[in-house]
Amino acid sequence: AQKVTQAQTEISVVEKEDVTLDCVYETRDTTYYLFWYKQPPSGELVFLIRRNSFDEQNEISGRYSWNFQKSTSSFNFTITASQVVDSAVYFCALARSNYKLTFGKGTLLTVNP
Amino acid sequence: SQTIHQWPATLVQPVGSPLSLECTVEGTSNPNLYWYRQAAGRGLQLLFYSVGIGQISSEVPQNLSASRPQDRQFILSSKKLLLSDSGFYLCAWTRGPSQPQHFGDGTRLSIL
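In order, the protein sequences belong to chains R and F. Following the numbering used here, the numbering of the first sequence begins with 1 at its first residue and continues without gaps. Following the numbering used here, the numbering of the second sequence begins with 1 at its first residue and continues without gaps.
Honestly, the hints are just simulated from the structure, not real lab data. A few of these clues could be false.
[Claimed, not checked] Only pairs whose alpha carbons sit at most 20 angstroms apart, straight line, appear in this in silico DMTMM-like list of lysine to aspartate or glutamate:
id, chain 1, residue 1, chain 2, residue 2
1, R, K105, F, E59
2, R, K38, F, D105
3, R, K100, F, E59
4, R, K100, F, D71
5, R, K70, R, D22
6, R, K70, R, D86
7, R, K3, F, E59
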């Protein structure tokens, strides 16, 4: 069975600080897909990024960056120069070929002005 | 472009009343469809998913049911609501396991 662990339940930072959200996953599959979602206070889940198990390239998108390391089964998410608008719950998720998505429990990020 | 609509946005129902939440997807065909529930505490629980019309897989035994009467329509129902059915219900769609799931805006259900 697959599992996604987000050990950080809550993180609080001051604006402009960098923050890293950790995600560790477990799966026996060789082909799988990893995702990050953002859930702002309004409630909708917003897709941020997808990675497949064969692509270990890190990715940067503006202030967001993702570090995928198969050796440690981790897919961490870093926000550089955080802003108040980044305050949200962030979910890491894992998909196999069976169409089901396994979510971590989420990390509540609060960015204070 | 594809869009997903979910309604109602909020619902307050008495215990023992029936429930019907509807979700529709536009701009794509034969999507995989999902119902999730998010209780207080943030975790997302997969309730049902469907890979085609009339094909429903249940993940959690409960008093809820799902139906897919049309290709892009997914309905979550209950004959008699329980207090424990309160929560935030999210519908989602995807083209396949390698693709991200896209979520509706959710329904906040309160049971009194």
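query = CA of R/K70 to CA of R/D86, is that 20 angstroms or under?
reply = 27 angstroms, violated
inquiry  = Would the hint linking R/K105 and F/E59 be met if the CA-CA limit is 20 angstroms?
reply    = 18 angstroms, holds
ask   = R/K70 and R/D22: Cα distance at most 20 angstroms?
value = 14 angstroms, holds
message = Does F/E59 sit within 20 angstroms of R/K3, going by the straight-line distance between their CA atoms?
response = Judged against 20 angstroms, a Cα distance of about 16 angstroms means the pair holds.
ask   = Is the straight-line distance between the alpha-carbon of R/K100 and that of F/D71 20 angstroms or less?
value = Distance of about 19 angstroms is within 20 angstroms: holds.
task = With a cut-off of 20 angstroms on the C-alpha distance, tell me whether R/K100 and F/E59 pass.
result = Judged against 20 angstroms, a Cα distance of about 10 angstroms means the pair holds.
message = Run the distance test for R/K38 versus F/D105: straight-line Cα separation, threshold 20 angstroms.
response = 13 angstroms, holds
This entry does not satisfy hint 6, going by the numbered hints stated previously; all others are met.
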